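Trainee: Heads up: the sequence lines are chains A and B, in that order. The opening position of the first sequence corresponds to residue 1 in this note's numbering, with each subsequent residue numbered one higher. The opening position of the second sequence corresponds to residue 1001 in this note's numbering, with each subsequent residue numbered one higher.
Bear in mind the hints are in silico, worked out from the structure with no lab data behind them. A quick note: this is a predicted structure, and the numbers were derived from the prediction, not measured. If a hint is listed, it holds; no wrong ones were tucked in.
Simulated DEER-style distance windows between Cβ atoms:
id, chain 1, residue 1, chain 2, residue 2, range
1, B, R1167, A, S14, 30 to 38 Å
2, B, I1238, A, S41, 51 to 59 Å
3, A, E131, B, L1037, 55 to 63 Å
4, A, S14, B, L1258, 36 to 44 Å
5, B, L1029, A, D125, 52 to 60 Å
6, B, K1039, A, E131, 54 to 62 Å
Every residue gets a Cβ at the ideal spot worked out from N, C-alpha and C, and that includes glycine.
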Amino acid sequence: MILEFRGIDHRYRSKESEIHALSGIDLKVSEGEFLCIVGSSGCGKTSLLHMAAGLLQPESGEVLFRGKTITGPGRDRAVVFQESTLMPWLNVEENILLAMDSSQKNDQKEAVANALETVGLRGFDHAMPHELSGGMKQKVSIARSLVMNSPILLMDEPFSSLDEQTRARLNREMITIWEKSQKTVIFITHSIREALTLGSRVVLLSVRPGKVIGDWDLSREKPSVDSIPFNTLAQKIRGSMGLCCPPKEHTT
Amino acid sequence: MNHIKNKTQNKKEGQLSGILMILLIWILLAAYQRIALDKPFPYPWEAILALLDPSQNMLLHAGASLLRWGSGFILASSLGIVLGIIMGLSPVVERLFSPLVTVLQLIPGLAWIPITMIVFGLGNGATIFMITVTAIAPIIINTRSGIQQIETVLLQAAQTMELSPRRTFFRVILPGAAPSIISGLRTGAANGFRVLISAEMVVGSSLGLGYALYQSRWTLDYQAAFGALTLIIIIGLIVERVIFSSLDCHIRQKRGLL
Ligand SMILES: Nc1ncnc2c1ncn2[C@@H]1O[C@H](COP(=O)(O)OP(=O)(O)OP(=O)(O)O)[C@@H](O)[C@H]1O
Ligand SMILES: [Mg+2]
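Pulled out of the complex, with its shape left as it was, chain B reads as follows (with noise of 0.2 Å):
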């Protein structure tokens, strides 16, 4: 016990200092830009004032991001989940989706702007539906291959315990297949989390980081700019290593996997 508890306390540390790396690299390149190019890059601290500026709306904006990327991540997930797990059951159906399943995974996020246009045309519909089909693919993926690659004879004990069709899949299936899945939601999330940016660029209106980000290039109000990437980069960190991370943490050490 003690040691994996000095594992995750050593683990924090280590966060904690690349994060002071990234912010340490931050000021040097800002200070180089500065002084010795005379450009107006803002330094971390700029960029943070900016953000809480409300005259900038910055949080606003993130709070726009947020929820759409909230929405299309849960539509995602719940989507890709029930379609992963019908395919890891049944090879009929496996078949039937799994080209659908490899395309989606091949085009690439913004490729997906012209259909979204067609459809949805500007606005939220257009970026929760980007996001949607950016995420889904390793959802589904995943979660397939978990339930596929649950043990054979833990199945077969669950059949000689004659447990019932609920009982399988709530005590073997879906906990065997859970470190898989949860990894299938790591990538959806963060693929969904690039997408919605540059989605908010193009096919945003109004409010949202991307969006808020794009403008900066007309108002050339560089420190709001800097402020809306350093939210971006922080609502990310916090989903995916708080949030993710612990997560997967907890499923592992609980089964003695760490």
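So here's chain A without its partners, still in its complex pose (with noise of 0.2 Å):
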């Protein structure tokens, strides 16, 4: 077990109203899983992200990992977030180096270029963030959290912003990455094609609160991308999610 969310809950407060963003979240993810949460909009997948990062506390329950209770942000779990945060200021090297631990010292330039190389960014290190596309830059994004040498990787809709295409290949080359390095990665996407296309698990998270309503676990026998079983399993989860019912505006 690497990570574990025990009994998760968790509202917004604010003057006029209050959110129930999660509501028992008990979860445990494996070493070497690829999870995906999928969920609509505003379910509460970024703040379920977060509390795994550190950057949020749960109002109650506990986030472990490795058995230990997470109180704040660390190295062993790198995060890929929804926009871009490359530095607007340093170059796609700097940015990457940024990322990396001062003792690795002497092998940092060939452990940016490996980097690159399995993002297939080889030859941009000098490039400035803004002369990258949004694909590239999450890309970057992806090898800056790769130099982290973390056991766990956090990766909240990172190919949201992205065209069609470019989210199909960025996807095909994440399962190598993730085949290559042995890591885990939890991943985030309201894509229930891009669930199923990545996961080894896919868990599904209902609308305010946020719950686990789905967990499928496709290590065993993974349905290849559009093949009927495939389609038939989307469906599916099409349909706990109620989307054939009425728009996700009006379920409380």
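Starting from the two chains in their separate frames, assemble the complex, guided by the hints.
Mentor: This is the structure in structure tokens:
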């Protein structure tokens, strides 16, 4: 067990309103798993991931990393955020170097080159973030998280702002990276298709409050993309999300 | 890249024609005053000649002014940036100093004269003090808001990478706030520059452009006065348009904001 969510409950309070974001989340993530968390917008996916990252303390419950309660962010849990978090004033190389431990001094350049190679951006060391497309920026973010050598990768809809083709390509590359690196990945998405393409396990969250309402293990028998079993499963998940029924705004 | 170059070139051409415009208005005004009203209004070239006349000591005056302005500005920048950073990072310090900064911002430069006279009397110290107090408010305010406006996700990213406080400051916070800090320095420098000339008129002694300008009332040496004015404008233009503008441009260009 690398990560465990235990009885997570979380509300956001403001003067006028209170949003019950997450409720009774119990989730165990095994080493080496590629866990995709699906759910519609606003169901608390980012909140959940930020708890694992240590950026958000749950109101009640706890998140454990290898048996220890998470109290803050740490280099053992690399994060790829929903939006680009590259420093706009640093070039690609400097951005990646930023994530590197100062103890790895001698082979830093090589590690940067390797990471860029892995995400298919060789030779872009000196490009500035604004000179890159959205997809390339996310690739650099992934490269940056790879050099942290963390056992787990927390990814918050990293490809949601990209076009269909780029997304499909990055999905393939993501699978390669995961297979090569043996890392555990928690990947958040609101695309069922993406979740089924990537995940060795898919977890479905409901909306307000966010609860686990489905959990599919695909590690033993992974349907190939767009095959009949793939589409049947996708249909089933869509059904559990209530997408066949009233629009999501009205679900409470 | 090409169109960025064109843009800066256009900007330079625009500035040049702007300066020509100032000269043209001056010449027309002088010609009218002289020919129609028979008043001793100097032409630009006469002012420049008076400026270069060694007996007028204009360059000496200019040097003295520049030195005061530089000292006041450096003092204001170092204090202002440090205080702005602390206020931007710590809500407690911000609440503590916020009213003071507002007050500093509200007081017009010349209103400092009584306090200045009591504490510093006349001379260098007095002028430098007035420059510092009028330049510091925009520097503090812009530095503070520059730091507060850094995107939360960038700070969160820094946290997840466990950057040391030092690296967080120098690689994330300071560069993030830099454009705002520079705009604060620009306003501060301009404020300081304006008050420099008036301060020298009142609390200055024996040397300085403001002092020379004021003296021309008695000596009726209008050409020297215009020379002093021209020099003041040229120095101001150089600092604002050449130094700050290119610094700002450099930063923005690097981030693709141009
Ligand atoms: N800082 C906050 N203050 C108040 N409410 C918040 C805050 N952050 C999130 N929320 C609310 O909590 C709920 C869950 O937000 P969260 O960002 O975790 O959802 P999400 O599943 O990541 O959504 P999306 O798919 O749009 O990214 C939302 O309804 C949101 O309005
Ligand atoms: Mg989100």
